[in-house]
Amino acid sequence: MALQSLDIIRRSATTLPSPEIREPTGGQDVAKLIDTTKCIGCKACQVACMEWNDLRDEIGTNVGQYQNPHDLSDSSWTLMRFAEVENPKGDLEWLIRKDGCMHCADPGCLKACPSPGAIVQYSNGIVDFHEENCIGCGYCVTGCPFDIPRISKKDHKAYKCTLCSDRVAVGLEPACIKSCPTGALVFGTKDDMKQHAAERIEDLKSRGFENAGLYDPAGVGGTHVMYVLHHADQAPLYSGLPQDPHISPNVRLWKGVSKPAALAVMAFTALAGFFHYIRVGPDETDASDEAAAQEMARKQEKAP
Amino acid sequence: MTDPGLGTNEADRRATAAPGRLDTILRYTAEERTNHWIVALCFVLAALSGLALFHPALFGLSGLFGGGPWTRILHPFIGLAMVVAFLFFGVKEASHNRMEPRDWAWLRHVGDVVNNREDRLPEVGRYNAGQKLVFYAIVLCLTGLLLTGIVIWRAYFSLYFPISVVRVSSVLHAFCAFVLICTIIVHIYAAIWVRGSVHAMTRGTVTPGWAWKHHRAWFREIMTHAANSRPRSD
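Residue numbers (numbering that gives the first Met the number 0), protein chains in the order written: chain A, 0 to 303; chain B, 0 to 233.
For reference, chain B alone in the conformation it holds in the complex:
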């Protein structure tokens, strides 16, 4: 994020219009939010349709998609849409997700993390180590799902692969989906757990206190940036 706090829409302007007192901070632009939620909706649909085909007990979920054959038809296209949408999102977010020494230190304090003892944690940048690991898990899982998904896409591609490759891909596809679903459950819970996160991804902004508490290094970076970019007469 090279240009925090500068947006075009109403909410974004409000976020920066704070002459004396620091108001809210823009964390996700409207574009980022839209992109995130396209990925999220695709994930939910792909997961539900995939689970319908994974376990007999969940086959009833195929009713949500118009029955078994429609589930089979739609699932791979939903998956492709998710990969494409995530590609845009991932490229934009990749630079914020590099693991740094302080992230490894943060991970060693996992006990403090889960017990809300944030005062004992090293400072966190735009994303904490947990969020970064989620990012990498998604990148790896989606890559795996894409490659194996093409192999087991019977209508168009399976006939080009030997049966042994199709079999291995079936297992790996299920495995990647399993890891991804567990990762996203953690991701969703973390958003509920850390109050203000859902607001950040739905309305775009966070309070200064939120940024200070959860992402202090990022907060400091924004303050420095804002101070530097502010006209001298202010």
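This is chain A alone, in the form it adopts within the complex:
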């Protein structure tokens, strides 16, 4: 959202660097760590998110599971996803994952966005949408490897978790963190969060989850929302969390080399025309052509 006092390091649809001379001492990378192994699915974080951000989603329908609402939306920026998984031992595992924006270091949404400054990345790593610049094209949806942004039916703008950039900017932790009763959600510098995760993973391994691990996918440059997973080797078990997310090669092609290359070729085509005119000149019809035409017409007249 627009109200922010954080330094912007990257801006959508902007070819030149953002102001970058300041090196805020408190501007280290921040991260939210979501420990799925501690989550009890109480949805306090969903409520806190609604409350802090003044969001009220439409009342949905019960489809026979705890997940509610059914999906992320323009006014549901975070969501507990409940997956019931039968493990090889035949036991049921209830894998609950708090879904929402991952705040990628290399954000696909920002790469795809055509509107200057509609998506920004702050020096602390938070990726934020500035809706007043959003044109509603939905390219961020196309670019996101995690299927997070949602276009509102009301105002045709894109919305997603802000990582409470407005709170973080004034030294507070995100609202969801504040509300978590089990300590499954923690927030701090990315380094601290990694260290905390390492301790958790060690504990999990000692208790038989040998594949426990940290989800901080390198394909998108790492994320500023990370998970501790009991089964880090099987991320898709957690309601389709991608194992190795990355910006799609098609999006890279579309938003990468093709932009300058296509403009250059178009400009070159026009220039080629211009210089053809300068060198060869126009192809004109003169009096002799007219005479030849009249001559042919006369012959044709006599011929039939």
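Hint data in this document are derived by calculation from the structure and do not stem from the laboratory. It cannot be assumed that every hint is accurate.
[To be verified] To spell it out: a stretch of chain A is covered by chain B in this simulated footprint if at least three of its residues, at any positions, have a beta carbon under 8 Å from a beta carbon of chain B; those stretches are:
(1) 10-18
(2) 168-176
[To be verified] Output of the computed footprint for chain A on chain B, the stretches with three or more beta carbons under 8 Å from beta carbons of chain A:
(3) 110-117
(4) 137-150
(5) 162-173
[As the list claims (entries may be wrong)] Here are a few chain A residues that sit away from chain B, every Cβ distance over 12 Å (derived from the structure):
(6) M49
(7) Q194
(8) R199
Ideal placement from N, C-alpha and C gives every residue a C-beta, glycine not left out.
Position chain B relative to chain A; hints supplied.
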């Protein structure tokens, strides 16, 4: 063109009213000209709004359409209008655009074409091979733009397609638009280069010398037709 030289408006009548001497020849009727320029205007608007969304350096073009959101709203509708307008035009012109053996021969003389050495070229019908290729490029690009454009039309259709299809369509849409824009740049330049072409598409007529020089087979066809259809007493 089965009935050349027969028109209804003033310019068209003048084109055929030449008892002794051959005057001007009608190349495009008022309907064809109107249709062509509707397509052309749609193209310009679609290209400008599309380029605004394609490259950040050109985002300022969105100001021509009332800002970013209006550009996003209008672009697909302009595109649809272009496809519909071209459909009418294309159906009418398709029969004149079949590639013939002499067209392939013409293409092999591309060096003579670009150096204005028309005396060395095979005879050309109503359209030359270059114009025919432009026609096919437009047909293919517009088809591609229409199909991929529907897929990436977020407000109405994108939700019905898997994300991978949307991504591929985004690339293909940009690619088709790129090819089309380059094609139209060539098309516009060719019209400036070959004097008399712009007049043909704005006023409808060409001189006999123009037809003889650039489209001799078409010229001969018209002469034959005119001679056959002329009353014997003339």
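List of violated hint numbers, smallest to largest: 2, 4
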